[in-house]
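Peer 1: Input sequences plus hints: build the corresponding full structure.
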Amino acid sequence: MAAISLSGLTKVYATGVVALDGLDLVVDDGEFVVLVGPSGCGKTTALRMVAGLERVTSGTVSFGDRVVNDVSPRHRDVAMVFQNYALYPHLSVRENLGFALENKKMERAERDRRIRAAAAILGLQDLLGRKPRQLSGGQRQRVAMGRAIVRSPAVFLMDEPLSNLDAKLRVQMRSEVLRVHRSLQAATLYVTHDQTEAMTMGDRVAVLQDGVLQQYDTPRSLYAAPANVFVATFIGSPAMNVYEAGLETSGSVPTLVLGSQRLNLPPQIAARVAAYQGRKLIAGVRPEDLAVSSGPGLVADVRLVEVLGSEQQVYFSVDATQAGGAAAAADESAQAGILAASAPNGMARLDPRSGVRAGGRVTFAVDPARLYFFDPDTGRAIGR
Amino acid sequence: MTDVKGRGDPAASQRAAALPGLRSDEGATREGRAAKAARRRAAETESTIPVELYGLRRGTVTLLTTLAFLFAIFTLVPIAWIVINSTKTQANIFETFGFWFARPFSFFHNFSLLFQNVDGYGTYIQWFGNTALYAVLGGAGATALSAFAGYGFARFSFRGSKVLFYLTIAALLVPITALTLPLYLTYAKAHLINSLWGMVLPSMISPVGIYLMRVYVDISVPRELIDAARLDGAGETRIFFRVALPLMVPGFMTVLLISVVAVWNNYFLPLLIFNINTRYPLTVGLGLWSERAQNSGNAQLFPMVVIGGLVTIIPLIALFLILQRYWRGGLLLGSIAN
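Going down the list, the sequences are from chains A and B.
Note that the numbering used here has the first sequence beginning at 1, numbered continuously upward.
Note that the numbering used here has the second sequence beginning at 1, numbered continuously upward.
It is worth saying that the hints were derived from the structure and are not from the lab.
The beta carbon of each residue, even a glycine, is placed where N, CA and C say it ideally should be.
Selected chain B positions facing chain A (in silico; Cβ < 8 Å):
id, residue
1, P222
2, L225
3, A228
4, D232
5, G233
6, A234
7, G235
8, V243
9, L332
10, I336
Covered, in the sense of this in silico footprint (three residues per stretch, anywhere, with C-beta under 8 Å from a C-beta of chain B), are these stretches of chain A:
id, region
11, 67–74
12, 89–101
13, 129–139
Peer 2: Here it is in structure tokens:
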């Protein structure tokens, strides 16, 4: 059953800024859903509307069958973990955890039992008497989580809860959050700008841009079948290489034209993009789908090689034009002082033993089945 | 030593540092005056704590310090005078040097007079009690109202909130003398003449306090904390007392001090509304004594006015010292991650 359903949820601020535009989203019971997008995409606004902290301009927020648009946050029975924790600084950890229960006028014995249980889940047993200022960043984060857990809420909201932790702790807390989620089985809506967090944590992930939902799917599908160029380049790290391309037929063989280079397409792939014959489209390939080839393929100049041990990230340039947002970003870095001519416009993740050197030339084998195609005007994926 | 902060110019210090070999060569003609000065400056910074005052020149700092020192003396002189003269007899107040002690030492005699109704117009101790009562009620009321209003203005956006706030601030601009007649007439109708509430109610309105609390809440009570408390199911009253107020303590204590001092020192309002001696606060009572000492031949009241003035300021100093420990930062430590 749907625990949270958002329907046509829209937020327009008094200044006329549309922060969220007609968001439809269903979070099932026990599901962990991640709202992800670049900053300013409306994800936090959406979360605050679910919490009741932000007034809904139009559309509805429902918990189960109940529309809660006009229910005050106090009476919504949602628990929220804030980005900056928002712990009560003058209260001890025990009092921080117990505050919500006190508000419910829960009996002291039951309250203590719940506080102890939550503290045990998060390993806070020895810190109950401390004040927030006596805790480390990670411990504060746990208290913020604990404050939500003790209530055993039907709906659990998290607003970038890990963004203030250092990289190592963040990875550690990711699995901790999931562990807690599994033990509580509460419908959870989790906001982040970090696509890695989204991919690793979400049962389903909703990708937002400029207040509009781009795609709502499992992490696997988002990666394998992105709905548009934005999702394709946003999900996956490093980002997908996307280029402006053309589609021609040389003889009877359909070919993809990338700058001055041509890649032959097998019939079943060509059929997918048949409607774009003789027209422009956007072609994308993920860095991990490129491999060094001794035969024909995509020829590129290697600009920079970063060896990470298990792999090497090869920045290269091909004589094709980068598409959309990626091109704009490249322009910016070119203006920032990097010579535009030598700026890389693509990236590959290769085996560290592949012997690729900066300044050299390399031929990538491209599996046409691993290519992504998008409409150049709408950005939508083609043939899926 | 080349790392001289905010003192002199770093280039000069560096030059000085580059010339260690010349150090013993005092008076050598090839040393320019600038190099000497630079070396002296560099040497000074080694031995003294560098003074940093907005990067001002040393001469400017000295001038400003001197001015501040003179101003401090100027403000402390009357207090010194009152302390010294509280130990003198009536004759000595007028006949001996004002800024030194004179025999006989009559501090305790003067002090005991404060408890006596010397000329039949009232006792100091009663006025002291009145003042304390007015100040406690008015000051506490002003502080409470300022805290509520400041929090409301800072953390709720409601229709007309801005207009209301500006009206409050505008009240600061109206001189109290302009309100004398309307205030008196209103009081007469409302039977507030000679009434405790006539004194306390107006004292409870403090535009400065409201303004201060609003600003203080803005910087010290994060919205996230209030949001968190709402989601934790707390009502607004509970949020105010349990979450916001503990964070407002330094601002709260400041407003408490300002309000108590304002009521304690208020002369105009009680003069206007009280015409029964037993209702007077200290300001009006001492004023009455002072006037009778000068104009009605009750010269024996002079020492009492002096020591009365001294005793009047002691509770305020005590209050300041007590409240001082509440002025501390870091109340939010650990609450909000940046």
